[in-house]
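Asker: So the chains spell out like this:
There are 2 protein chains.
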Amino acid sequence: MSNESKRQGGIRATQKEATGKAVLEAARAEFESVGFEAANLRAIAARAGVSAGTVLHHYGDKRELLHAALFDDLEETLRSAVAKLGTGSLETQLSELTRAVFRYYQRRPKLSRTLLKESLFADEPWAQKFNAQVHGVHGAIARLTEEAIARGELRPGVNGALFAVAYFSFFYFALIAWVQGAHDSPVTLVEHLVHQHLEGLRPSEKPPRRRKP
Amino acid sequence: MSNESKRQGGIRATQKEATGKAVLEAARAEFESVGFEAANLRAIAARAGVSAGTVLHHYGDKRELLHAALFDDLEETLRSAVAKLGTGSLETQLSELTRAVFRYYQRRPKLSRTLLKESLFADEPWAQKFNAQVHGVHGAIARLTEEAIARGELRPGVNGALFAVAYFSFFYFALIAWVQGAHDSPVTLVEHLVHQHLEGLRPSEKPPRRRKP
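Chains as they are written, first to last, in our numbering: chain A, 1 to 213; chain B, 1 to 213.
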């Protein structure tokens, strides 16, 4: 391959990537503006400045476009949120994570309902992709838990994987309540639930009574 | 109104109720057998031994029929599960509740996925009905928590309403994981999560050191 044709190939690849990004960005804007049901491929193509044929060539149908538009975007949000976690207590780190991820959903409230419904009840291949995404964050939380045990914040032998599942339970419950309009401050709800989970509900142990001689 | 026409009216009301029940039972069987998407009103009418017109007269469309068939049934399951709770510890009572409600979902696994998706992301008027249903169980759990505090099982001042939200978070997480094929024993998962939530993750308090004289 000549240097000139390599250069041309490079330009084409860059253009293709730019077109893909523009289509996904247009899809997110269109879905948020008119809702998933009402959105149509022609309008998305027009927003991206490409033909409807180009959109169809890249993505088979509207649902596939939705998944492509949302999953990659959420993936990036999750990765960067986990990477940016500070060196505070486990409770502080989880608050940071919760805030960062909710900010993502809050940027596009209408779309969030669709995203959540589609990700929790996805069919293959998206179910597997979504599970892999959750699995990644799950691993990160289990690691944070191990570090908290090492710092003496948590009891030795605490099940970090189970705690990560508890965190996800709280997160999704609050997110579902929020997209359904049943809760105004999902971040605070998650924080309270995590706090109660860490502290437990049992009476604090009484110091052993001194036996009488 | 003569005694004869009262008697006739009574028979008609009983027949109408019986028809309604037969249609709902047929709808549940048809939805479970072929799935919500593929189910059609004609087949449901045939199962119930009535005309398609009768089904349409009682229920506007397939989605309305789905909600009617599922919500009343689940409502009855929840009410009877709460009523039957024994006098064990809070943890035992919650296990009983979890088992009873999961048994309901496990009887019709295919339908459960639809039920869950439809109830978590319902539009009005079903969203409100579903919220009222959750609210009822929420209140029952908050009461059980108060009783557990009174028995000395939990710390005084524990937030029972928040604990009820934690329970729901665990329950729905396990249920979603199960309908998605990602978890085999949802009841055990809920039990482990509830146990960890009750016990907490903090190091147990050390008895205060005796000060040296």
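Worth flagging that the hints you see were computed from the coordinates, not collected in a lab.
Misleading hints may appear alongside valid ones.
Here are the simulated DMTMM-like cross-link-like pairs (lysine to aspartate or glutamate), alpha carbons at most 20 Å apart as the crow flies [to be verified]:
hint : chain 1 : residue 1 : chain 2 : residue 2
1    : A       : Lys117    : B       : Asp72
2    : A       : Lys110    : B       : Glu146
3    : A       : Lys129    : A       : Glu191
4    : B       : Lys62     : B       : Glu147
5    : B       : Lys117    : A       : Glu118
6    : A       : Lys117    : B       : Glu124
7    : A       : Lys62     : A       : Glu118
8    : A       : Lys16     : A       : Glu96
9    : B       : Lys84     : B       : Asp73
10   : B       : Lys117    : A       : Glu37
11   : A       : Lys110    : B       : Glu124
12   : B       : Lys110    : A       : Glu118
13   : A       : Lys117    : A       : Glu199
14   : B       : Lys110    : A       : Asp123
15   : A       : Lys117    : B       : Asp123
16   : A       : Lys62     : B       : Asp73
17   : B       : Lys117    : A       : Glu17
18   : B       : Lys110    : A       : Glu191
19   : A       : Lys110    : A       : Glu146
20   : B       : Lys62     : A       : Glu64
21   : A       : Lys110    : B       : Asp123
22   : B       : Lys117    : A       : Glu124
23   : A       : Lys117    : B       : Glu4
24   : A       : Lys84     : A       : Glu191
25   : B       : Lys110    : B       : Glu147
26   : B       : Lys84     : B       : Glu147
27   : B       : Lys110    : B       : Glu64
28   : B       : Lys62     : B       : Glu124
Stretch-level coverage of chain A by chain B, calculated; a stretch enters the list once three of its residues show a Cβ under 8 Å from a Cβ in chain B [as the list claims (entries may be wrong)]:
hint : region
29   : 22-29
30   : 45-51
31   : 119-128
32   : 187-195
Note that the coordinates shown come from a computational prediction; the quantities given were computed from them, not determined experimentally.
Virtual Cβ for every residue (Gly too), placed ideally from N, Cα, C.
Asker: Confirm or reject each hint.
Answerer: These are the hints, each one checked on the structure:
no.	hint	in the structure
1	Lys117/A - Asp72/B	23 Å, violated
2	Lys110/A - Glu146/B	38 Å, violated
3	Lys129/A - Glu191/A	27 Å, violated
4	Lys62/B - Glu147/B	43 Å, violated
5	Lys117/B - Glu118/A	10 Å, holds
6	Lys117/A - Glu124/B	17 Å, holds
7	Lys62/A - Glu118/A	13 Å, holds
8	Lys16/A - Glu96/A	36 Å, violated
9	Lys84/B - Asp73/B	17 Å, holds
10	Lys117/B - Glu37/A	17 Å, holds
11	Lys110/A - Glu124/B	16 Å, holds
12	Lys110/B - Glu118/A	17 Å, holds
13	Lys117/A - Glu199/A	32 Å, violated
14	Lys110/B - Asp123/A	14 Å, holds
15	Lys117/A - Asp123/B	13 Å, holds
16	Lys62/A - Asp73/B	35 Å, violated
17	Lys117/B - Glu17/A	35 Å, violated
18	Lys110/B - Glu191/A	34 Å, violated
19	Lys110/A - Glu146/A	37 Å, violated
20	Lys62/B - Glu64/A	26 Å, violated
21	Lys110/A - Asp123/B	14 Å, holds
22	Lys117/B - Glu124/A	17 Å, holds
23	Lys117/A - Glu4/B	54 Å, violated
24	Lys84/A - Glu191/A	19 Å, holds
25	Lys110/B - Glu147/B	37 Å, violated
26	Lys84/B - Glu147/B	16 Å, holds
27	Lys110/B - Glu64/B	18 Å, holds
28	Lys62/B - Glu124/B	16 Å, holds
29	22-29	violated (count 0)
30	45-51	violated (count 0)
31	119-128	holds (count 3)
32	187-195	holds (count 3)
Comparing the model with each numbered hint stated earlier shows that hints 1, 2, 3, 4, 8, 13, 16, 17, 18, 19, 20, 23, 25, 29 and 30 do not hold.
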